[in-house]
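*Asks:* The lines below spell out each chain.
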Amino acid sequence: MSSTVQAAVPVQVHRTRLVSGVIRSDLNYSTILPRDYYVDEKIFEKEFEKVFSTQWTYVGHVSQVARVGDYFLDNIAGESIVVVRESADRISAFHNVCRHRGHHLCSSESGNVRRLTCPYHFWSYGLDGNLLNVPGSKDGANFDYNDWPLKRVNLEVFHGFIFACLSEQPPASLVEKFSAVSADLETVKTESLKEVGRESYEIHANWKTLLENYLECYHCQGSHPTLCQSMDLQAMFRGTDEWQEPYFTGKVPLRPGVKTVSMDGQLVSKPLGDLQKLDEVPEGFGTGFGIVPLLSRVLIHADHVVVHAMRPLDVGRVKWETRWYVGSDAVEGTDYRAANVAAVWSATNKEDAALCQGAYNGVRSRSFTPGPVDDSRESAIPAALRAYLELMQAD
Amino acid sequence: MSSTVQAAVPVQVHRTRLVSGVIRSDLNYSTILPRDYYVDEKIFEKEFEKVFSTQWTYVGHVSQVARVGDYFLDNIAGESIVVVRESADRISAFHNVCRHRGHHLCSSESGNVRRLTCPYHFWSYGLDGNLLNVPGSKDGANFDYNDWPLKRVNLEVFHGFIFACLSEQPPASLVEKFSAVSADLETVKTESLKEVGRESYEIHANWKTLLENYLECYHCQGSHPTLCQSMDLQAMFRGTDEWQEPYFTGKVPLRPGVKTVSMDGQLVSKPLGDLQKLDEVPEGFGTGFGIVPLLSRVLIHADHVVVHAMRPLDVGRVKWETRWYVGSDAVEGTDYRAANVAAVWSATNKEDAALCQGAYNGVRSRSFTPGPVDDSRESAIPAALRAYLELMQAD
Amino acid sequence: MSSTVQAAVPVQVHRTRLVSGVIRSDLNYSTILPRDYYVDEKIFEKEFEKVFSTQWTYVGHVSQVARVGDYFLDNIAGESIVVVRESADRISAFHNVCRHRGHHLCSSESGNVRRLTCPYHFWSYGLDGNLLNVPGSKDGANFDYNDWPLKRVNLEVFHGFIFACLSEQPPASLVEKFSAVSADLETVKTESLKEVGRESYEIHANWKTLLENYLECYHCQGSHPTLCQSMDLQAMFRGTDEWQEPYFTGKVPLRPGVKTVSMDGQLVSKPLGDLQKLDEVPEGFGTGFGIVPLLSRVLIHADHVVVHAMRPLDVGRVKWETRWYVGSDAVEGTDYRAANVAAVWSATNKEDAALCQGAYNGVRSRSFTPGPVDDSRESAIPAALRAYLELMQAD
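Chains as they are written, first to last, in the numbering used here: chain A, 1 to 395; chain B, 1 to 395; chain C, 1 to 395.
These are computed hints drawn from the structure, not numbers from a lab.
Idealized CB from N, CA, C, for every residue including glycine.
A few of these clues could be false.
Which residues of chain A face chain B? A few of them, derived with a C-beta cut under 8 Å, are [to be verified]:
#1 E79
#2 C98
#3 P119
#4 H121
#5 N142
Please take these sequences and the hints and turn them into a complete structure.
*Replies:* Written out as structure tokens, the structure is:
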């Protein structure tokens, strides 16, 4: 008979640098947030107001609304919005909610319309959101049409990329925030792209677990063999360490001889914009920009563009979306094959989805306390979490 | 490069006539309830006590319990009840819960029993709910059998239609509330019906969104083409406007030449009750009655009866049930075909399920604020919501 | 026209002996807990801390970790733990959570490892839980490895059976609590078993409904015909009445001529341990022990062992696990057939799963009030609930 009673090692509860909204300075390491931030529904509810509604979030590209009346649906943290080309000069976004009794105006993911007409009682709105007709109730008879326009969502078009923000007070213009990359974006002409692929994963994890995963390349060597074939890992460590602000810029650093992020390092589409005019794509060309904490990330390579965005669903579920773009003049079959354009990140997304699920499984444990993160490889994490806490504490 | 920052139009927060339980009079339009009433689980919990438990709710027809010992199960807001014919003269309802350790007494949806016997420890109860036998514990040995009868649920049989109410204090008798239609019900002899069809939809919407949808025909022209073939829409607007009380009566008004609600306007079964004695069914014959806010609605046509009832499941889910009846002497194949009897409302239910889902999708949006409803077409909605708020505020 | 209004019998709200944590003495019967204890998520949350974390819970057998580095996963109330043989002399348990950013260390249900290595960033731990390597961060560079061992879970090996406890302060040793059965366990040599079957049911019921069901044999005659073929029911009533402490011992009493719990009363494997040395298995041989309120129950027969354990999932869901063992020297096909070993309890589990579901359906009813339980057949229930309330009230 063997009978052994083990004494439990007292659980070490390290105080973390980021605790309950207080940024601490008496620890010799950075860390992630306490468990509650990843599992508490009340915190998630507060995040809707303080974070998801206050940031610019990537929702699409101007190529999706080329003609007047073109629209597409997207959502920000569960809020359905309609992005529509109101005129040659203006793209607008509205809550997809009729002002009468709330029915969704549009149910198709995209289309072209002359008016936005509710299928319930056929109230119709102009492309500018103004109420134009209420069957059975003339303007002024029971109420003034002017009082009931669609509720607008803030929208900014930045070099062809469309960002939306739910709050009445949107943050500063992206033109200002991303001035550092404007010249590059003008070179590659990101207004002239077309979407050639889209992929989304519904992951059973808190959205911040995905954020943390995305912000460090410490896990890349062991888990992303395909990505590491083209990416210069040591340079990527330095790159992520530079992401110390909610608005950051920077490219995917490439290994020597690699021209783009692809399976073999060779271009997967024709060069973008003015790069076509050069004899050769410049060695290591790339640019990009991103926003945290609710991540929108635009990666621009010589021949294609990748955009990542997160869509929180509830405290323990998040949709991870990736979209691929090539130049609008590229021809499928001749200049590119969509599967090739998407190959590296498609493999990487699948790996990340599993890692984030595994990480969240542990973070959910009641025994979880945050550990030390490596300031030379994971420093973008505490930086983004600081930005997160500042938003959460804002009035 | 095109870069446009839109200013958000300040969101109009119209104060509504029905706000947080206060009925306002300083608005020139009626409206529905604020968003919380449709999404807040605490309000749903309160509704169980204040609304679902206090009303009469349709649960079935006397034809389901023709013989002594016949029983069927139903539920009111998740509470399983057994409706059983206790004697030739009396139909009773009990909670389907053994007094010992709570096991459900009956699991089959219907049947015929001499006693109600729990399958767990075989405690048995008479059809009157009295505890008759406890294996291993004689009456008085450990406790008195008299102290442990089944818990009764209030029940009223009104012209053959069975209604139940969970509360100890049931509301006034339906005989009193619906005296206006008693003569008609005696004519068509609604005690002598048989059920020929039943259909239920589980809809992801708050039950009040279904209520509001049912109480107005503003949406019918655009969404219910089949129903509108037989129904006189303008008269229906007037009809719903008359539903200003929690107990209302009224029929489906028919278009000229239409004899019943059916695909071709012709009868789909033999005339009911004393209508058979007439040479011809009276032009536009019809009657009916209903209860709100938790809707039970009985529609009586010359040849068949339709009953609608709601079964709230949780704050965002509700079961919508429809049952069809013909005269008990009608013969399948000769006098009626069940599919024909159900055809119009079967199509209409499907349309309504989609509309209610779409409306709830928008009402759930955090941007939702209630809009103006049309007093000439939707006035039954604020009337029902007033009745709802009165129940919610009652002691 | 028949119209009857029934008066509701006033609902009897018997005060129970166990109400809201107070044990009452002014009732002439015992009973179960008020409804809230079975449906309230806050109470379930408190149970995690006060009950599930403080008891010894059965997690497996030493045969699962025969060699150094052998491990298996299990969980206690949703907490994933790794049970691993650290050395020839010691079996340990750890939270399956990396100290870095929480990723689960192991995902396979069992295996053999030299180190516990996190698949996220490849932090690796020894079998004793000590942090051995952090890629890119030498010991002491950013933090001391010594500060970040895996979090230990208390573990006791009792005659080959492995029990775990999440709390820092484990309860008293099982050697002490179960000294009454030590001699019998040495006779049958329960260290030398092998698992030949495992079955689990996810039941939509509160875990205490399963507990109550397990603690009485009042329901056996009507519901467990197979079990009653070998079990002496009257003796079982007396047996369960003796279970008045959180730690109880006792066997399944057998009917005359029955040698073990099996379909025909005959042995289903070779006799265990030293019983093999006897000419014949002693008439009515059996022993066992159990722990409540979160049930772990070990049943030892002459030829096989059955273990039951509960895994609460949420307030309304629980996993019921049964494992079957025979002697480690028994040969499949010759000495036993796994299906025969499992036959009786496999049938009984299925019956119990349905009963517990049915009982919980009624306990969930808002009309439910606890009824009288029979002190001569169900007295182990109030005893276990007293133990439960004492844990819930402990500091």
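*Asks:* Which earlier hints turn out false for this structure, listed by number in ascending order?
*Replies:* none
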